[in-house]
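Participant: Listed below, chain by chain, are the residues.
Protein chains: 2
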Amino acid sequence: MRTTVAKFGGTSLADAGQFRKIKEIVRQDPDRRILVVSAPGKRFPEDMKVTDLLERCYEAAAAGQDFSADLDRVRERYREIVEGLSLDFPLEEEIEKLRRHLSEKPEKAYTESRGEYLNARIMADYLGFTFVDPAWCVCFDRDGTPDDMMTRRAMQAALRPLRQAVVAGFYGADADGVIHTFSRGGSDVTGSLAACAVQADLYENWTDVSGLLAADPRIVEMPKRVEYMSYRELRTLSYMGASVLHTDAVLPAADMGIPINIRNTDDPDNPGTMIVRKLPKGQKKYPVIGVAGRKGMSVIQVEKVMVSDGSGFSAIMLDILKNRQLPFEQCLTGIDSITLVIRDDLLESCKEDLLEEIRETLHPDFLGVKENLSMIAVVGEKGTESSDANVMVLQALTRAGIEISTINQGAGKLNLLIGVPEEHYEDAVRAVYSTI
Amino acid sequence: MRTTVAKFGGTSLADAGQFRKIKEIVRQDPDRRILVVSAPGKRFPEDMKVTDLLERCYEAAAAGQDFSADLDRVRERYREIVEGLSLDFPLEEEIEKLRRHLSEKPEKAYTESRGEYLNARIMADYLGFTFVDPAWCVCFDRDGTPDDMMTRRAMQAALRPLRQAVVAGFYGADADGVIHTFSRGGSDVTGSLAACAVQADLYENWTDVSGLLAADPRIVEMPKRVEYMSYRELRTLSYMGASVLHTDAVLPAADMGIPINIRNTDDPDNPGTMIVRKLPKGQKKYPVIGVAGRKGMSVIQVEKVMVSDGSGFSAIMLDILKNRQLPFEQCLTGIDSITLVIRDDLLESCKEDLLEEIRETLHPDFLGVKENLSMIAVVGEKGTESSDANVMVLQALTRAGIEISTINQGAGKLNLLIGVPEEHYEDAVRAVYSTI
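Chains as they are written, first to last, in my numbering: chain A, 6 to 441; chain B, 6 to 441.
What the hints contain is simulated information worked out from the structure, not anything from laboratory work.
Just to be clear, a hint being listed does not mean it is correct.
Here are the computed lysine-lysine pairs in the BS3-like style, where the Cα-Cα straight-line distance is at most 25 Å [as the list claims (entries may be wrong)]:
#1 K375/A to K283/B
#2 K309/B to K300/A
#3 K309/A to K300/B
#4 K309/A to K283/B
#5 K375/B to K356/B
#6 K283/A to K309/B
#7 K283/A to K375/B
#8 K26/A to K47/A
Keep in mind it's a predicted model, so treat the numbers as computed, not measured.
Taking the hints into account, I'd like the entire structure generated from these sequences.
Facilitator: As structure tokens, then:
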């Protein structure tokens, strides 16, 4: 028996109509045995997510204020779903329970988690699957740190005996039963952990886009979809700020080599993007699969004759940053020079101090800072065609009249990082995209 | 009164005919008031340099063996010069003095320094200039370390009052008058120090080539001469192993912004290569002035998700190298990866230990070593045209079918460092040269 863990995001669960789409998606493939669900998301741009409504309820309750209007809105969201699907679900009872909790001793994580909890229970009823409360099997320490190893054991215990199950995303509990939520990645992390626990053949992540795009659609008009990409390529895109699965949600699946498929609930025939360790045979490996980038970067340029003479100059430089707990994005050492790429916002408050320390410690021949740069990542686990791809990318940037400051490709050839002035960021992304 | 300090190398002083050429060169420009001379070099490929003969005399004398045959060869070299120039020079007296020194308590530095000493005295007689013995004004500590500050003061004191002088290169003395020699750069360093001491308008370095070439002539047939280059570009070429002025000989002049002109004694009409801080007005700035490189490189590739999260991963990596006193040529950190370029010969003996330490300390997701790489430096203080130049270079390499592993251009844009397989090194140099 093959197993697909299918995680559905908030917009995929925003109303009864969306629930029906999911039922059809599940019906089409019996491997989809384990579902992980978010809370109802926005139905239209101005709408509020149920989790945000719940947070408002908590804030008001904690301040001793009236929260009933927001709780009523929560109830209405679920009533539309339950009635739309003609389910016999004890909604009033659940809402009443939450009202009592809020009136007595409100807890933030518990309150916020009720969106997923209710959605999962309703979905389980609707599909005839077993409801699995992550309070039983997604394990946190008392200080709120997720315990991945324990979660794997507990999730195995909870899910293995079940043929079909719906798990609520986003939360879990500690040994005392106190609810905690994931700070980052939310239900995506739950989905990834569930996929690992049951050693799924596939982890589907159903959302409102048909996979990942090769560039930011706010910059490039109608960018193409990426069909296949590697975990490492995804990580690069994520690092560069593309809104994709959070690293915490990718790593568990990546560790076990479980393919991740990004799908669109509103366009279920679209195969979306498949994130894999290795391409299936016969699938062409593209040297460049996408382009992403970040603005707000500074470059610190330190020059000193004979930097590379083994005096540990670069090591001292990096120790200065480490002692200041100042992270850097890139470090390039060459002949007599070190170039550091640091985020503007991190550098801002300590810039003068840092430069002074570098001056006093290292006595550089030249020390300069250039602000308002952006870093472009040309993403692709490039094979033998990497050189061609690099030429095309640099040529496109040059033709677009964009000044290139730094160029960085490590031996892994996973990405080519190029520094360009911030005001040319969008042009640079478009230029690189034109080569894909 | 303008001052040119002219340093002449060994082949420029190999015999009487060469001395005559120098007299003509000095006659043509009265600014050439301070000369720095080496010992007589080779007259033909199988010939021995006088300094090497002197070293053999010392080795034999120190071992209590007969050194007279080699000392006779030294005498013959100078006799040819003195008689060829019809000078009344007390050669026998000087040789006798050296013989006594060797027979009594031979000192290596003193013995080796006599080549320059005699040449400078002969040249001073021949030109009617004042002989300046660097034992008076090139200052060393007793442990043999050059004292640049004291040398500047002493050289000023020695040279400023003189209208015309010949200084012997290569050596100096400590406070006790004990002779010491420069370990690196030899007479070039003396020339540079003299130029600084008299605040020369120009430092000419006369040798047997008409300036610096844009590529290694053993790889590229008849490479063009570089007309102008910056100190920093020279330093890059030097670092990459091109046989040019040693850094120790460039730095003092560079510090004072004294232009260095590499000239050819056998082709005095050729303007050679001018090394400057800034190009003279109207002079075109070439984005790439030359290409050089080094074989025998290894690349260590360390990958770990979230390297760049501020955990100091790279700093720890460089500390490992620093503690092992293992110098590295380049370090490139990107997203989740560190690439280190290290010389094969340095890595060889400690490779397994180092990898083990990296594994145990950093627990990387991937750790790999690639040997037998070469690093190509595309040298040029590139301005706005840098991108064009980079495209052309990468394109040329790609067309030549050369696989590129690493690409590194820091914010200074002084050079583009490219890693290519060692077996393609020569092809890569030719490909890059074709773009210049």
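Participant: Does each hint fit the structure? Answer for all of them.
Facilitator: For each hint, the structure was consulted:
no. : hint             : verdict
1   : K375/A to K283/B : holds, 22 Å
2   : K309/B to K300/A : holds, 24 Å
3   : K309/A to K300/B : holds, 24 Å
4   : K309/A to K283/B : holds, 18 Å
5   : K375/B to K356/B : holds, 11 Å
6   : K283/A to K309/B : holds, 18 Å
7   : K283/A to K375/B : holds, 22 Å
8   : K26/A to K47/A   : holds, 16 Å
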